[in-house]
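Based on these hints, arrange chains B and C on the given structure of chain A.
Chains as they are written, first to last, in our numbering: chain A, 1 to 301; chain B, 1001 to 1385; chain C, 2001 to 2350.
Hints are not guaranteed to be accurate.
Here are the simulated PhoX-like cross-link-like pairs (lysine-lysine), alpha carbons at most 20 angstroms apart as the crow flies [to be verified]:
#, chain 1, residue 1, chain 2, residue 2
1, B, 1090, B, 1047
2, B, 1384, C, 2079
3, B, 1186, B, 1155
4, B, 1090, C, 2079
Just so you know, these hints were derived from the structure itself, not from any lab.
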Amino acid sequence: MSDLEYVLQQLINALSIGSLYALVAVGLSIIFSLLRLTNFAHGDMMMVGAFATLFAQLAGLGFLPAVGVGILVSALAGVIIERVAYRPVRGAPDVTMLLTSVALTYILENLGILLFSSSPRNFPLPDWMNHLYSFADGRITFNNINLLTLGVTLLALLFLNWFVRRTQVGLGMRAAAEDLTAAHLVGLDVNRVIVVAFVLASAFAGVAGVLWAAQAGVVEPQMGFTPLLKAFVAAIIGGFGSIPGAIVGGFVLGALEVLIQSLPGDWGLSPYRDALVFALLIAFLLFRPGGILGVRQEVKL
Amino acid sequence: MKKLGVVLGSLVLVSLGLAQGTIKIGNAYNQTGSMSSLDVPASNGAKLAVKEINAAGGVLGMKLELVSYDGKTDPATITNMATQMINSDKVVAIAGFTDSDSALALGPIAQKAGIPFVTAGATSPQLPEQIGSEMFLACFGDNVQAAVGAEFVYKNLKGKTAYLVWDKSTEYTTLLGKYFKDAYAKLGGKLLGEETYKSGDKNFSAQITKIKALPQKPDVLYIAAMPDDIGTVVKQFRQAGLTQPIVGGDGYDTPLLVEVGGKAADNVYFTTHALMDAQKGTPEVKKFIAAYKKEYGKDPENAFAALGYDTIYLLADAIKRAGAPDPAKITAALMQTKGLKTVTGSITFAGTGSRVPQKAVTVVAVKDLKLNLAATLAPSYIPKP
Amino acid sequence: MKYARLVVALALIGLLAGLGPHVLPEYWVRVLIVLGINIILVSSLGLSNGFTGVFSLGHPGFVALGAYVSGILTLELTKKGAYLPDLPGFLAGVQLPFLPATLIAGVFCALVAVVIGIPLMRLSGNYVSVATLGFLVIVNVVLVNAEQFTRGSRTFTGIPPYTDLGWVAGWAVVTLLVLSRVAYSPLGRAMRATRDDPIAAQAVGIHILPARLMAFALGAFFAGVGGALYGHYLVSFSPATFYVAMLVQQLTMLVLGGQASLTGAVVGVSAITLLSEVLRNLERGFSLGSLQVPAVFGASQIALGFIFILVMVYRPQGLLGDRELPLVTGGRVAKGAGPVYKDTVGGGRT
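With the rest of the complex left out, here is chain A (with noise of 0.2 angstroms):
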């Protein structure tokens, strides 16, 4: 394999891995804006996703519909946990919010466990769905998941800007963004905005879940908290609230993620990885609040 090979075959890796973190992290900011929400929960949205697809499937349906069985389910999760759980607190200090996402994590990945079995399973996927593109005598591969989630992603993200620049509510999510109270004052429903943003927000873990259970192979209770840190990760160096700032933070974690673990062994750093990525974290927290994007924040006193 040449350099030039290797480049390119870790740079595919690299957007196929960004751009699912890239989904998941747009959610997380959609959210975030709107109710200064830093939302645990967002991730067992994808595990709900994924498993409303197997059963789907399971129950007989093919693979795309259920797919959209799926995404409508984890839609309407995200609307039942908003009802639920974050309209009481709503207006609460952020911290209230956030730890009443931490008590819904807990509840609905024990839930799952409880109802599914810890142990993973078998994801079944049609034969397409791996169908393998070869260049240069193999040195070079990717499949229809890796295109599909880049793909996917790259629609879902163009649909959202229509969504927020075109659609009367998406209009109205912009304006609560800005200011929610001032977007109640001037007669806008603030409760439908934020129900659309979670149903947005929801449906994109959704498909992020079934494309993770796709590369993965397998579905398990737990699945969601492992792309929830990373997508916290990418929500924040792209600019926290920020969309264009989410889709950014999660190419370029992905990036760097990659680029980590492709050094050479002797660099001893891809042990390493979710530390220094943290640390980037942090580092952009310290350094540069509003993230890549340069979003305007009040990170600081």
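Just chains B and C now, with coordinates in the frame of chain A:
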């Protein structure tokens, strides 16, 4: 507060009242938390064994009773649970756990109380020395299976060069990797390098690309992985075009390997306790798989189901030979275990001076979505625990 | 008067610690030991999280460091050779008694807290929480990789079982005494001011950073001490022992009792400990007359999670809010010094 006391008190009373006429065995597994995907199958295996033994008339004319608590993968909860089992429930022996963190939390308490403790699946060969005379393993140690893996790679697969990949986040995979490295070097094999990952990552593309870029292609990949990850590992390694034999330990012994890996699981070899195949396995294996499927409606999730099942039969055998449900006598009888046929092979402690059973290691080969017996080996060199 | 109460309280605790192991069943001794350790851990968490409003999610990181430092320092030399053969010289030949090891563990954690606190304590709200969560992840990764000190992800074992009820009760009293002295002193008032209104606090001349740093470092000291006690209680642990599950447990205890109250921390720890023990025994299944309730493992965690959410919704300030027993404050606190939760939440609900 008063009510809580009453509830707790009555629980203790209820469990004391049942003590007559049954032999109580502690069923110590993490039913929830991060270890539960291995512990629940083992606990299910244990329950099945107790049901079978009781249906056949019990032991010494008494029924076995499993006393189950949830360790929650939390060491403080495990210590509480251990004291409850020993002091309030008066168990005469404890069976449990598939990881050494949990086994080491419970072990010292059982040791102090003089209650024999047999771990179903904590394969660290250091445990008996770390805990003491009451600690037994129902499974072989990782050093033995890694040595067999290394010999199989070097002799049977003619793998003169190998590349090691291991999961850095668990003890089992860390030990397996270390012992393999030791045994493989002793045989004269050349390790071209090693790479680690973290359980839960589920994306190994960066590591895979690195292996593909090696100037010299390794003959064999030795991957020490947990059951929850192995399907993903095989799927992703094969898809990226790494066609070498993939070799590993009993973590591979889960239906997920073939379910998730599919055709990609061909040319995968692993060391394990027995060939878990409903057609080709030993009579014990066939009987176990059929019984497990009947009881739980699914195939055993991984090798730990069989180990949990065997642990109970191991204890039942010792209790029978002890002649009375007395912990000290059971420990002594366990030490005298000789050639006990179980699903996961034959267990002998007598005369070995070790509380890690000397079991033959089975090497399984995967071909066309089927498991086949590749070899049954006893290693010539075993790395020190 | 207040000293009389203190003496009575100390005498009771002394009696408990001295007599406990002889009259109580071992199970209850163990429950009490873990309860005492959690009082140390949660009240020290409360100092930064409740009193200064720096809501740290990194506490288990300090607990881990405390446990490992004290474990390394007290390990028998022969065991050190066997388990940690690559330990650097200055540690390989050291075997300290329990108390100095515990103190060093605490001081080590406090130093780490100062180093990371100087930058981090400037952050506010969610950001400091996410950054301290980052600290927890970093500690975990470092512990897994620092194999020569920690055996990596392999279980760290062979630690002498020093922790008993006496040590735990003693340290719990010391922790509560020190924390109450600090929290209800002028420094403590400064801490609360930086929580309630940082800008006004600065306007009246309070330096935010030192006040917060002090709380964070002191909290880390006792987290280290508590970690050492926990380590010598378990006698074996691994980096996974001190991770997210521990964090969730500490947070549940803290918010139930009341973040801005030391009495609340004690109440929260006691309530959750008892409740978990009761639920843990109920979820095994039981029979009520002819009704057989089967085992539902995991139900206790779900129940605790719901309690957590209910507290957040209906009583975010916790059971006690900012109230304290007079014993704790020593009459040094004025009424109305509590947090601003009540107003914000009442007004913010839509």
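Of all the hints given earlier, name the ones this structure violates by number, lowest first. Hint check: 4 fails alone, others pass.
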